[in-house]
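Student: Protein chains in written order, with my numbering: chain L, 29 to 370; chain R, 29 to 370; chain S, 29 to 370.
Please keep in mind that the hints were generated in silico from the structure rather than gathered at the bench. Do not rely on the hints blindly, as some may be mistaken.
If several chains are the same, the list does not tell them apart, and a pair holds so long as it fits within one copy or across any two.
Said to hold, decoys possible - Simulated crosslink set (DSS-like; lysine-lysine; CA at most 30 Å straight-line): (1) Lys357 with Lys179; (2) Lys179 with Lys343; (3) Lys156 with Lys255; (4) Lys273 with Lys240; (5) Lys308 with Lys325; (6) Lys273 with Lys325; (7) Lys274 with Lys240; (8) Lys273 with Lys156; (9) Lys255 with Lys179; (10) Lys240 with Lys343; (11) Lys271 with Lys325; (12) Lys308 with Lys160; (13) Lys357 with Lys274; (14) Lys160 with Lys359; (15) Lys180 with Lys273; (16) Lys308 with Lys271; (17) Lys240 with Lys140; (18) Lys357 with Lys121; (19) Lys308 with Lys328; (20) Lys308 with Lys156; (21) Lys180 with Lys343; (22) Lys121 with Lys343; (23) Lys308 with Lys180; (24) Lys179 with Lys308; (25) Lys160 with Lys274; (26) Lys140 with Lys160; (27) Lys290 with Lys273; (28) Lys273 with Lys343; (29) Lys328 with Lys273; (30) Lys308 with Lys240.
Predicted model, so just to flag it, every value in this text is computed and none were measured.
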Amino acid sequence: MSARGPAGAGPAAIQLSRIMRPDDANIAGNVHGGTILKMIEEAGAIISTRHCNSQSGEHCVAALARVERTDFLSPMCIGEVAHVSAEITYTSKHSVEVQVNVLSENILTGAKRVTNRATLWYVPLSLKNVDKVLEVPPIQYAWKELEEDGKKRYEEQKLERLVTKQRNGDIIFPVFNPEPYTVGYSQSSLIHLVGPSDCTLHGFVHGGVTMKLMDEVAGIVAARHCKTNIVTASVDAINFHEKIKKGCVITISGRMTFTSNKSMEIEVFVDADPFVDEPKERYRAVSAFFTYVSLSKEGKPVPVPQLVVETEDEKRRFEDGKGRYLQTKAKRQVQMQPLTQQ
Amino acid sequence: MSARGPAGAGPAAIQLSRIMRPDDANIAGNVHGGTILKMIEEAGAIISTRHCNSQSGEHCVAALARVERTDFLSPMCIGEVAHVSAEITYTSKHSVEVQVNVLSENILTGAKRVTNRATLWYVPLSLKNVDKVLEVPPIQYAWKELEEDGKKRYEEQKLERLVTKQRNGDIIFPVFNPEPYTVGYSQSSLIHLVGPSDCTLHGFVHGGVTMKLMDEVAGIVAARHCKTNIVTASVDAINFHEKIKKGCVITISGRMTFTSNKSMEIEVFVDADPFVDEPKERYRAVSAFFTYVSLSKEGKPVPVPQLVVETEDEKRRFEDGKGRYLQTKAKRQVQMQPLTQQ
Amino acid sequence: MSARGPAGAGPAAIQLSRIMRPDDANIAGNVHGGTILKMIEEAGAIISTRHCNSQSGEHCVAALARVERTDFLSPMCIGEVAHVSAEITYTSKHSVEVQVNVLSENILTGAKRVTNRATLWYVPLSLKNVDKVLEVPPIQYAWKELEEDGKKRYEEQKLERLVTKQRNGDIIFPVFNPEPYTVGYSQSSLIHLVGPSDCTLHGFVHGGVTMKLMDEVAGIVAARHCKTNIVTASVDAINFHEKIKKGCVITISGRMTFTSNKSMEIEVFVDADPFVDEPKERYRAVSAFFTYVSLSKEGKPVPVPQLVVETEDEKRRFEDGKGRYLQTKAKRQVQMQPLTQQ
Numbered sequence: 029m030s031a032r033g034p035a036g037a038g039p040a041a042i043q044l045s046r047i048m049r050p051d052d053a054n055i056a057g058n059v060h061g062g063t064i065l066k067m068i069e070e071a072g073a074i075i076s077t078r079h080c081n082s083q084s085g086e087h088c089v090a091a092l093a094r095v096e097r098t099d100f101l102s103p104m105c106i107g108e109v110a111h112v113s114a115e116i117t118y119t120s121k122h123s124v125e126v127q128v129n130v131l132s133e134n135i136l137t138g139a140k141r142v143t144n145r146a147t148l149w150y151v152p153l154s155l156k157n158v159d160k161v162l163e164v165p166p167i168q169y170a171w172k173e174l175e176e177d178g179k180k181r182y183e184e185q186k187l188e189r190l191v192t193k194q195r196n197g198d199i200i201f202p203v204f205n206p207e208p209y210t211v212g213y214s215q216s217s218l219i220h221l222v223g224p225s226d227c228t229l230h231g232f233v234h235g236g237v238t239m240k241l242m243d244e245v246a247g248i249v250a251a252r253h254c255k256t257n258i259v260t261a262s263v264d265a266i267n268f269h270e271k272i273k274k275g276c277v278i279t280i281s282g283r284m285t286f287t288s289n290k291s292m293e294i295e296v297f298v299d300a301d302p303f304v305d306e307p308k309e310r311y312r313a314v315s316a317f318f319t320y321v322s323l324s325k326e327g328k329p330v331p332v333p334q335l336v337v338e339t340e341d342e343k344r345r346f347e348d349g350k351g352r353y354l355q356t357k358a359k360r361q362v363q364m365q366p367l368t369q370q
Numbered sequence: 029m030s031a032r033g034p035a036g037a038g039p040a041a042i043q044l045s046r047i048m049r050p051d052d053a054n055i056a057g058n059v060h061g062g063t064i065l066k067m068i069e070e071a072g073a074i075i076s077t078r079h080c081n082s083q084s085g086e087h088c089v090a091a092l093a094r095v096e097r098t099d100f101l102s103p104m105c106i107g108e109v110a111h112v113s114a115e116i117t118y119t120s121k122h123s124v125e126v127q128v129n130v131l132s133e134n135i136l137t138g139a140k141r142v143t144n145r146a147t148l149w150y151v152p153l154s155l156k157n158v159d160k161v162l163e164v165p166p167i168q169y170a171w172k173e174l175e176e177d178g179k180k181r182y183e184e185q186k187l188e189r190l191v192t193k194q195r196n197g198d199i200i201f202p203v204f205n206p207e208p209y210t211v212g213y214s215q216s217s218l219i220h221l222v223g224p225s226d227c228t229l230h231g232f233v234h235g236g237v238t239m240k241l242m243d244e245v246a247g248i249v250a251a252r253h254c255k256t257n258i259v260t261a262s263v264d265a266i267n268f269h270e271k272i273k274k275g276c277v278i279t280i281s282g283r284m285t286f287t288s289n290k291s292m293e294i295e296v297f298v299d300a301d302p303f304v305d306e307p308k309e310r311y312r313a314v315s316a317f318f319t320y321v322s323l324s325k326e327g328k329p330v331p332v333p334q335l336v337v338e339t340e341d342e343k344r345r346f347e348d349g350k351g352r353y354l355q356t357k358a359k360r361q362v363q364m365q366p367l368t369q370q
Numbered sequence: 029m030s031a032r033g034p035a036g037a038g039p040a041a042i043q044l045s046r047i048m049r050p051d052d053a054n055i056a057g058n059v060h061g062g063t064i065l066k067m068i069e070e071a072g073a074i075i076s077t078r079h080c081n082s083q084s085g086e087h088c089v090a091a092l093a094r095v096e097r098t099d100f101l102s103p104m105c106i107g108e109v110a111h112v113s114a115e116i117t118y119t120s121k122h123s124v125e126v127q128v129n130v131l132s133e134n135i136l137t138g139a140k141r142v143t144n145r146a147t148l149w150y151v152p153l154s155l156k157n158v159d160k161v162l163e164v165p166p167i168q169y170a171w172k173e174l175e176e177d178g179k180k181r182y183e184e185q186k187l188e189r190l191v192t193k194q195r196n197g198d199i200i201f202p203v204f205n206p207e208p209y210t211v212g213y214s215q216s217s218l219i220h221l222v223g224p225s226d227c228t229l230h231g232f233v234h235g236g237v238t239m240k241l242m243d244e245v246a247g248i249v250a251a252r253h254c255k256t257n258i259v260t261a262s263v264d265a266i267n268f269h270e271k272i273k274k275g276c277v278i279t280i281s282g283r284m285t286f287t288s289n290k291s292m293e294i295e296v297f298v299d300a301d302p303f304v305d306e307p308k309e310r311y312r313a314v315s316a317f318f319t320y321v322s323l324s325k326e327g328k329p330v331p332v333p334q335l336v337v338e339t340e341d342e343k344r345r346f347e348d349g350k351g352r353y354l355q356t357k358a359k360r361q362v363q364m365q366p367l368t369q370q
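Let the hints inform the model, and build the full structure from the sequences given.
Tutor: Right under this line is the structure:
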């Protein structure tokens, strides 16, 4: 790679780098998972927008449709440099799959660690008519198998998207004087007024901005529950069902659904309220599950207090969470060892 | 209303929560008063804009007209979660009164403290024609007395707004080689180019952005005077006489007017200069009095150096400040005990 | 370059990329020169800190000592992606020379333009003792001539650094009721309280943060003078004489020194006031000359009102500015054609 120009940054690759600052981290100096998710999404948006405009025709902006399950393999710290590199690995007729890798570099010691790997799906929306999905130019594959594998991933995520839509009616109700370690004890919400720098050229919120806010709420829920420093361990697949427009107020709410010995699962909802422009009803835009671990002062994972479930719904959600936990654990036996299992 | 979850977040209530970050605070780790004022105003703007658009008709954005005197009852620290809850408590034909409460929560210990209570007045301006004030839909009162009390508050603030208009001709002149502890020694000013994220959908500066800049200047004046860590103790009623448009340069200037044994009063002016778009004259948009206390390294209020007043104007302003100080002190005897009195 | 990991990001090269947001630009949609200078400096700081720590021994952070004259060759716009690539081109015993190139990419059309080229000098300061300058590991040169050219540049900048020190006693005095187009008419200053995210691991302000604030003041001076949209055309060599510590208040002041037919030269001073921690005297930390051009609504450079100089000092500074202007113009005849000459 030459240092002159975005060399190598052809249609299929890009790299973002940035020093991590105090505001990117929690008190213990660990960079928020949400900050990393935001950088990942920015890299994905750049590379897929660039690719979808590479053939002459109608201009478009690539909008985030889905992020596959993401593990945080290793923490990133203040003062380290985050390197986020993205590559297009599959294209269907109307969508782009982007693989992103995140590396942390300690520029004092030279130490480097892979901190994240993520897969994102983007859809090109016309710049003139945001409701029109354009066609994606096909990419070249080095081997035929790469295309076939990509197609399999494409079909799988398509199926999963259909299933998750059903969870969207759920609402988090406030609880008065909750008992310690119940769901109501730690549930939290925040609201955010969408500003211009949160948005794409279309005037809709960047997926990365939404994920950063979701991680913020999930982190507060986790810290309220276990009252220690906590850190994002993984994020389940996130589907972006509905776009969110500039000027909306978004409410991001989180509640704990499951605890294992050393991890907590938090469900997060994003609801948009387009109250000024068009008095449309408030709607559910995104939902996802975040998994957190609790850290000792030395930065080692420690046991978390068990979640006290009371209602039938809470018990059902706990069992569902346990299912996801065991499934992930089983998958990991044959793969590498991320943070939650240490 | 509980601090957990968006309790009662119906049309008449809203809650913002956010973790306080290193950039929100001074070196001692105390969150700037201006950061809290900005959050308070954002909550007020959302709830009153939502309410004023709740009936079909012309769309509007609620603009801040006035903030009543606000005490900072307790400091907020980095890592704590600020919960800002807002509720509409009175509506006149053309204005909305919003009550805001701020709670700090230490999510590690679970400790909570009320840090602020504030009352704000908003006016709905048409989205199509920003100079047109729309009618406010009336709210329902639980008791008739609530409406009568609200009306009394409405009449009082209307009267006060008229009086303060007269102070607006005043200008802060620079001083060469000022003696220590004189007015010229600590007076300060900053300029800010109004950017897109500072503004509402109308393209005018959010009242909260202006208040944050005012607190920034007042804090620098206070720190220059006593050369210690300082913290906002209270803000007198602020009237927003004139709107400030995107692209303006605003000059925020502050000078000390009065010192008691342990507090400093600083007068702050905001002048807008709309020099690019329309070569209109520079005008005074806002003015207010901020009160600060000086803190020891242990965070306890300590005596401040007495202000040296020289000119007749300075002496008159000192006496006026003393009047405000004594009046507030008298009121407090029958109420609670905020920070300045410790 | 592979998209996986900071490939090619060996000791000698790095690339930062970022989408330009509304907050990075003026009303006309052009990205502020200061935003670009800040990105350039971040790339330089990363690559030189990485290089200086590449040999075992005491850890250090590279501090910006000097930026050579920089031209803004082409504007960058909102929605474009900025690619900033940096490379180490020379090392002396105690300093590192970094060459930085900035490219703008329109990801919709695929158009790319070189917008900046810059040369920066860094000095490695020990992490344990910030006043101790460490030795720089030598780099390998592809040809012997590259080393000799580098040495020549090193000697030249060393000489120039000595000369500029003399300008530092100068102060900008306020003027009452200035006439249009005089120096006092447009001179401006802002103050900034240095926060944690402005600082390096040492707790000292990043050179890029300082340059961004300087560009902000210079831009306001230029806009006040000609009341149009303005854009940074070039920045003369900037020397960073003194470090600025976290918690300081810095005053950044600018005044116009010279106007040609279509350009304005603005002198900017940065003074630091370490009033809380250690009651040290206020000191001059940085000074520089910025050149701006005035743009029509179509984005073309237009004539600027001539600066009215009154005092002997103003006349002398105008002549000095004219000298710099003619010198640069002469140099350019044999080089490329940047924005100021159109």
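Student: All hints are to be evaluated individually against the structure, with a verdict given for each.
Tutor: How the hints compare with the structure:
{"no.": "1", "hint": "Lys357 with Lys179", "in the structure": "within (26 Å within a copy, 59 Å between copies)"}
{"no.": "2", "hint": "Lys179 with Lys343", "in the structure": "neither (37 Å within a copy, 49 Å between copies)"}
{"no.": "3", "hint": "Lys156 with Lys255", "in the structure": "between (49 Å within a copy, 27 Å between copies)"}
{"no.": "4", "hint": "Lys273 with Lys240", "in the structure": "both (17 Å within a copy, 23 Å between copies)"}
{"no.": "5", "hint": "Lys308 with Lys325", "in the structure": "between (47 Å within a copy, 19 Å between copies)"}
{"no.": "6", "hint": "Lys273 with Lys325", "in the structure": "between (41 Å within a copy, 19 Å between copies)"}
{"no.": "7", "hint": "Lys274 with Lys240", "in the structure": "both (17 Å within a copy, 20 Å between copies)"}
{"no.": "8", "hint": "Lys273 with Lys156", "in the structure": "both (15 Å within a copy, 19 Å between copies)"}
{"no.": "9", "hint": "Lys255 with Lys179", "in the structure": "neither (44 Å within a copy, 45 Å between copies)"}
{"no.": "10", "hint": "Lys240 with Lys343", "in the structure": "within (28 Å within a copy, 40 Å between copies)"}
{"no.": "11", "hint": "Lys271 with Lys325", "in the structure": "between (40 Å within a copy, 25 Å between copies)"}
{"no.": "12", "hint": "Lys308 with Lys160", "in the structure": "both (21 Å within a copy, 24 Å between copies)"}
{"no.": "13", "hint": "Lys357 with Lys274", "in the structure": "neither (40 Å within a copy, 36 Å between copies)"}
{"no.": "14", "hint": "Lys160 with Lys359", "in the structure": "neither (38 Å within a copy, 52 Å between copies)"}
{"no.": "15", "hint": "Lys180 with Lys273", "in the structure": "neither (33 Å within a copy, 39 Å between copies)"}
{"no.": "16", "hint": "Lys308 with Lys271", "in the structure": "both (13 Å within a copy, 29 Å between copies)"}
{"no.": "17", "hint": "Lys240 with Lys140", "in the structure": "both (24 Å within a copy, 25 Å between copies)"}
{"no.": "18", "hint": "Lys357 with Lys121", "in the structure": "neither (34 Å within a copy, 53 Å between copies)"}
{"no.": "19", "hint": "Lys308 with Lys328", "in the structure": "between (47 Å within a copy, 24 Å between copies)"}
{"no.": "20", "hint": "Lys308 with Lys156", "in the structure": "both (22 Å within a copy, 19 Å between copies)"}
{"no.": "21", "hint": "Lys180 with Lys343", "in the structure": "neither (34 Å within a copy, 51 Å between copies)"}
{"no.": "22", "hint": "Lys121 with Lys343", "in the structure": "neither (41 Å within a copy, 50 Å between copies)"}
{"no.": "23", "hint": "Lys308 with Lys180", "in the structure": "neither (38 Å within a copy, 36 Å between copies)"}
{"no.": "24", "hint": "Lys179 with Lys308", "in the structure": "neither (37 Å within a copy, 32 Å between copies)"}
{"no.": "25", "hint": "Lys160 with Lys274", "in the structure": "both (19 Å within a copy, 23 Å between copies)"}
{"no.": "26", "hint": "Lys140 with Lys160", "in the structure": "between (42 Å within a copy, 27 Å between copies)"}
{"no.": "27", "hint": "Lys290 with Lys273", "in the structure": "between (38 Å within a copy, 28 Å between copies)"}
{"no.": "28", "hint": "Lys273 with Lys343", "in the structure": "neither (36 Å within a copy, 36 Å between copies)"}
{"no.": "29", "hint": "Lys328 with Lys273", "in the structure": "between (41 Å within a copy, 25 Å between copies)"}
{"no.": "30", "hint": "Lys308 with Lys240", "in the structure": "both (25 Å within a copy, 28 Å between copies)"}
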